[in-house]
Amino acid sequence: MTSRPGEVVRFRFDGRDYEGRRGDTLAAALLANGVRRVSTSVQLGQPRGIFSAGGEEPNALVQIETPFPEPMLPATTVEICDGLVATGLPGKGRLADRPDPARYDTVHAHCDVLVVGAGPAGLMAAAEAARGGARVILADERPAPGGSLLGTAEAVDGLPGRRWAAERAAELDGLADVRVLCRTTVFGHYDDNYLVAVERRTNHLGAAAPATTARERIWRIRARRVVHATGAHERFPAFAGNDLPGVMLAGAARTYVNQYGVRPGRRAVVLTTNDTAYPAALDLAAAGIEIAAIVDVRQAPGEEWARRCAERGIDVLTGHVVTAARGAGELSSVVVAPEDGGQARDVPADLLLVSGGWTPVVHLFSQAGGTLRFDEEIGAFVPGDTQARDVRLAVEVAGSARGVPTLSGCLRDGAEAGRRALAAAGFAVPDQAPPPAVEDEPAAAPARHLWLVPAADGDGDDYREHFVDLQRDVTVADVLRATGAGLRSVEHVKRYTTAGTAHDQGRTSGLLTSAITAHALGLDVADLGVTTFRAPYAPVSFAALAGRDRGHLHDPVRVTAMHDWHVARGAPLENVGQWKRPWYYPLDGEDMTAAVLRECRAAREDVAMMDASTLGKIDVIGPDAAELLDRLYTNMMSTLPVGSIRYGVMCRPDGMVFDDGTVIRLAEDHFLATTTTGNAAAVLDWMEEWLQTEWPSLRVHCTSVTEQWATVALVGPRSREVLAGLAPGLDVGNASFPFMTWRDAEVAGIPARVCRISFSGELAYEINVRSWYGLALWEAVNAAGVTPYGTETMHVLRAEKGYPIIGQDTDGTVTPQDLGMAWVVSKKKADFIGKRSFSRADTVRPDRKQLVGLLPEDTGRLLPEGVHLVEPGGTRALGHVTSGYRSAALGRTFALALISGGRERVGERLHAAMGEEMIPVTVTHHVLYDPEGARRDG
Amino acid sequence: MTENLPDHPDWLWAAAEPKRSYDVVIVGGGGHGLATAYYLAKNHGITNVAVLERGWLAGGNMARNTTIIRSNYLWDESAGIYEHALKLWEGLEDDLGYPLLFSQRGVLNLAHSLQDVRDSVRRVHANRLNGVDAEWLEPEQVKELCPIVDVSPDVRYPVLGATYQPRAGIAKHDYVAWGFARAAAAYGVDLIENCEVTGLDVRDGRVTGVRTTRGPIAAGKVALCAAGHSSVVAAMAGVALPLQSHPLQALVSELLEPVHPTVVMSNAVHVYVSQAHKGELVMGAGIDAANSYRQRGAFHIIERQMAAALELFPVFARAHVLRTWGGVVDVTPDASPIVGLTPVDDLYVNCGWGTGGFKATPGVGWCYAHTVAHGEPHPLSAPFSLDRFTTGALVDEHGAAAVAH
Ligand SMILES: Cc1cc2nc3c(=O)[nH]c(=O)nc-3n(C[C@H](O)[C@H](O)[C@H](O)COP(=O)(O)OP(=O)(O)OC[C@H]3O[C@@H](n4cnc5c(N)ncnc54)[C@H](O)[C@@H]3O)c2cc1C
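Heads up: the sequence lines are chains X and L, in that order. Once you know that position 400 of the first sequence is 400 in full-length UniProt numbering, the rest is easy, because the numbers rise by one and skip nothing. Once you know that position 343 of the second sequence is 343 in full-length UniProt numbering, the rest is easy, because the numbers rise by one and skip nothing.
These aren't lab readings, by the way, just hints derived from the structure by calculation. Everything numeric in this text was worked out from a predicted model, so none of it was measured. Here a beta-carbon is modelled for each residue, glycine too, at the ideal position from N, C-alpha and C. Take every hint as true, because none was put in to throw you off.
Taking lysine-lysine pairs in the BS3-like style, the calculated list, with each CA pair at most 27 Å apart, reads:
(1) L:K42 <-> L:K87
(2) L:K143 <-> X:K92
(3) L:K19 <-> L:K42
(4) X:K580 <-> L:K143
Residues on chain X that point at chain L, a partial pick, calculated with CB under 10 Å:
(5) M72
(6) A102
(7) Y104
(8) Y496
(9) S541
(10) A546
(11) S837
(12) P864
(13) H868
(14) T882
Can you make the complete structure from the sequences, with help from the hints?
As structure tokens, then:
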């Protein structure tokens with residue numbers, strides 16, 4: 001077969017150059033080049049070969065080096081491309097040491113019928129569903145449609161199976177409402193028919209892959225009905241030496257011959273428990289491989305198969321078993337013996353085909369919540385009733401995925417499943433079409449379920465070479481050791497032995513492990529069951545799952561209308577929630593400390609401005625808006641007159657502060673609530689949770705309008721003067737525009753809502769305009785000679801006034817009273833969230849942690865936030881520093897802290913414990929600047 | 001070829017048949033139930049004990065967690081019990097005579113915002129005052145300890161530093177469960193699998209026994225250890241627990257050559273990762289928001305977690321997810337556990353460990369056994385009483401404990 005047709009592809013494996021053909025898997029190409037040892041086993045370090053021809057491969061794991069390092073892929077699924085470099089894997093894969101340059105993306109799709117698997121059953125199901133007018137998605141993990149037909153080369157409707165499948169798929173793909181996805185593995189089936197699939201789009205193109213095409217794409221599919229036409233995996237019995245390179249599933253060998261034109265060996269012995277290995281043997285023989293013998297554990301195979309073998313001169317040894325595969329590093333002979341004892345003989349062979357029957361691929365069905373039942377005929381678990389109580393799946397299962405043994409049966413079954421799906425999805429079911437014709441389908445003789453070929457002595461130690469899980473190097477001896485240790489559950493045996501935990505997640509070994517365990521415990525495997533199936537059905541790359549949610553798309557970057565100005569001014573940015581906020585605006589040669597002191601001075605002595613657009617803003621509208629706010633805030637909101645503003649605090653039911661902000665009343669039934677920047681979404685969620693789950697009768701709507709407004713805070717003794725200049729039509733007099741009121745006005749020619757509120761204690765305004773005027777307003781205010789300041793200065797100014805930052809000076813364990821804000825808790829309201837907790841024993845404790853100020857004795861010493869306070873000589877923490885700054889106004893450093901019994905301790909001397917160092921501080925009232933509030937009115 | 005895991009012993013435990021009565025019946029054969037049984041026998045000489053497990057032993061969260069062990073919790077109460085546990089971990093392999101693969105490889109909790117930094121530094125100071133090893137690391141030091149973490153400013157939420165607890169680490173969960181099971185069974189404790197408790201018999205305010213799918217069993221005392229199903233079981237005695245049960249998912253990759261020497265947790269870029277002994281990456285993140293008793297979650301949680309993983313560890317891009325799974329975790333309003341007495345005499349409760357109770361296994365077993373044996377709380381578990389939800393004396397680790405695992 002050196003002269004296989006097709007385009008030559010050059011690749012490198014384990015340091016040697018080879019040629020394969022376009023369309024080969026790496027496994028096929030290696031076999032074509034006579035490479036039989038591919039990897040090394042994980043525990044024992046034994047050479048391992050190619051065992052299968054698909055994703056169930058337990059042995060031939062490779063590491064990709066070029067085009068880009070990728071750990072652990074089955075050689076049976078890697079399509080070769082020019083320049084591919086791979087190595088056999090010794091149990092562990094290796095990650096690249098550089099970032100992956102590829103792109104990954106995600107799409108959503110909706111359909112009436114999703115068909116998983118484009119084998120004969122899946123193709124028919126999709127065709128029927130499409131014929132009835134349904135929107136159909138047909139997905140298959142292989143590069144081409146056809147499923148088992150690719151390997152068996154059986155004819156359908158007089159065409160070679162592969163061609164028949166390709167034509168059907170092409171017809172389907174030509175329909176407007178049908179999408180055929182190849183190289184697409186459906187790997188998860190979640191609730192309500194939400195399925196996830198990964199499409200491998202460029203891997204097979206190697207270096208020729210267009211850089212702009214996503215390498216892998218996740219499909220998130222919501223389907224009304226799903227047809228699982230996922231096929232079956234061949235399994236193998238446990239016998240000595242069944243891990244040697246050269247031992248291969250019978251169906252896989254058939255695939256290599258038929259699909260790839262590759263001979264996996266020269267002389268083969270076939271071990272089988274059922275008829276399906278016969279056509280495999282005959283196909284191999286026809287391809288020029290000598291079949292030394294078919295070893296059939298049954299007394300008789302199907303008559304027609306026996307006849308054909310006789311015709312070909314193939315020896316069929318019924319009632320025989322393979323007691324051992326032998327060879328140094330790879331198979332060289334097979335020990336064959338009558339099962340009931342008798343003379344064993346050593347048959348030279350470089351290939352041993354094994355078939356222990358077929359196990360339906362029920363992974364997705366089981367993931368979806370379907371229950372399984374044991375089918376005695378095929379000796380495996382099959383999908384149970386989809387309409388059983390507590391299950392009720394919108395799923396059909398078709399073909400060999402539910403144990404249908406024949407090709408004609410699968411074609412019919414697929415069509416029926418497609419029709420059932422159509423009907424269930426509410427479509428009229430068209431007249432039945434005649435099923436495709438299958439000519440050669442000899443009657444089958446019953447299979448026998450043989451799991452284990454006993455060792456000579458049947459002692460635990462004699463089972464050290466009877467492999468159960470090839471990839472984990474788990475043998476029958478290991479399983480017996482587990483049951484010997486007292487274990488009775490397959491889940492325990494799995495964990496004790498590690499069987500089924502490897503890359504293949506036990507696809508070829510799971511049932512075998514259960515069967516051997518059952519055997520050891522004297523139970524029926526039907527009763528013992530198998531371990532749970534979990535997503536993903538096949539390994540999926542991290543990068544595909546991450547998709548495009550990386551770097552700056554990892555979480556939305558939110559910026560205000562003035563952002564570019566801040567950046568142009570060289571302001572370093574602080575992440576606050578999703579927002580980027582200017583931290584401070586350094587002038588040439590200024591460090592952060594100097595800049596912040598200067599900004600603070602401007603705000604306290606002159607006039608300064610801040611971009612306050614990021615504060616959360618929630619529109620609360622409806623006849624019960626006031627009632628809702630009364631229940632959410634600790635203080636009264638319903639008494640707020642239209643035109644006025646009130647500061648409010650929200651607590652959790654445990655009485656702990658959750659958020660704060662101002663509420664302005666725009667109309668009788670319309671409020672605007674502001675929240676902290678980081679908490680805006682949480683507050684809206686909170687409102688909705690209460691509205692939707694507890695108070696659905698309230699007629700209120702809450703809408704986030706944060707992004708609709710841009711806000712400039714104008715702060716400082718000269719702010720009134722600046723505002724008057726910018727808003728000539730606004731009467732800014734203290735009496736006509738008092739504190740905690742708002743006015744509509746034109747500011748710098750822009751329609752604005754001006755609020756007289758202050759988070760600094762100074763005379764201050766917040767000017768709100770539509771977002772798109774934000775920059776214009778900002779520039780106009782700045783042009784009036786106003787100093788911009790960032791979040792750091794804002795923090796210092798408010799701290800000097802003892803205003804807490806929720807989330808910095810609180811941590812979910814602090815009440816309004818602890819913050820010295822008992823005044824914000826209504827005594828009049830009948831109820832509000834948190835009220836009951838304020839009378840609890842722990843909430844009224846006098847030694848609760850309370851917000852206080854701290855003045856370090858060394859007036860230049862900055863107290864690090866997070867440092868704990870102790871009594872001089874003590875070690876018990878009394879509390880910690882929540883905020884610590886240098887104050888321009890106080891001419892010294894200061895801090896805020898939460899301290900046990902803090903208000904009682906005002907005047908006391910404590911130590912801030914910096915490891916070994918103790919920094920002496922004095923406790924003060926938390927309002928350190930302008931405690932009389934004299935500066936508010938300018 | 002990789003290093004083999006240590007072998008399990010040749011003998012673990014024998015499946016026991018339920019007797020008609022026991023001095024103590026423990027409901028739930030997870031890590032906590034088994035550790036409680038062990039310490040009841042070892043520390044208090046109480047061996048007429050049954051552990052009732054509705055499925056296979058330690059097949060609940062004990063079999064599903066990501067095995068992170070640390071004691072760097074914020075509050076004194078938490079530090080007390082978790083540090084007690086960590087000290088026990090440090091001698092547990094010898095005590096149980098079982099290789100637990102306890103590996104003190106250190107845990108990093110990353111900070112990504114200025115507030116994260118404040119909270120982290122605060123926790124470091126609190127830990128030190130409580131005798132818990134803790135350090136604050138700058139980004140370069142994070143990089144030194146775990147070179148694959150991307151500490152560049154290019155990520156969405158750059159790493160601004162981390163707390164580090166060198167004594168923290170991981171262990172192998174099954175080995176731990178089986179170590180306790182084997183040792184408890186050796187003391188004569190009955191480990192009864194496939195035995196679901198369906199009712200609690202309460203007479204005159206006192207619990208007298210349990211109903212099970214394998215018949216009624218009388219009990220002098222009943223100790224609940226049902227994790228995600230605690231509220232269901234407690235309700236059988238009319239005890240309402242302030243718990244919400246949620247799915248919590250985790251996943252593993254294929255076996256990889258060593259790349260990750262420690263444990264990294266991040267709350268803001270929500271994911272946590274370690275590389276287990278065999279070589280697989282083990283990862284988790286936050287709970288599914290919906291309540292559920294099913295041991296499965298929604299897929300977008302996994303996708304989000306992988307995005308977070310690649311933000312912090314770009315080299316993981318082409319690793320593969322082999323398997324995902326979910327457990328059911330019981331979350332309290334203050335994210336701290338409930339351990340102690342109930343309004344029903346002789347009925348004890350241990351629950352609410354939520355997403356982080358594996359690390360506590362020996363510690364809680366120790367304290368809970370004491371509580372059950374003496375009928376009064378162990379000093380270390382006393383702050384975690386059920387009545388704190390009435391008094392308000394919460395131990396709120398929500399904002400405080402970095403990631404809650
Ligand atoms: C995905 C995930 C990751 C986690 N990661 C960590 C981590 O990294 N670090 C950490 O410290 N913690 C972690 N945890 C949390 C930790 O697993 C749990 O807090 C801890 O295991 C709970 O105690 P347990 O072992 O006794 O629980 P479980 O093992 O769940 O035991 C409870 C048992 O009670 C049984 N039961 C319930 N109802 C009944 C009944 N009616 N009758 C009889 N039996 C019953 C259950 O079947 C179960 O076996 C994680 C949890 C999950 C799910």
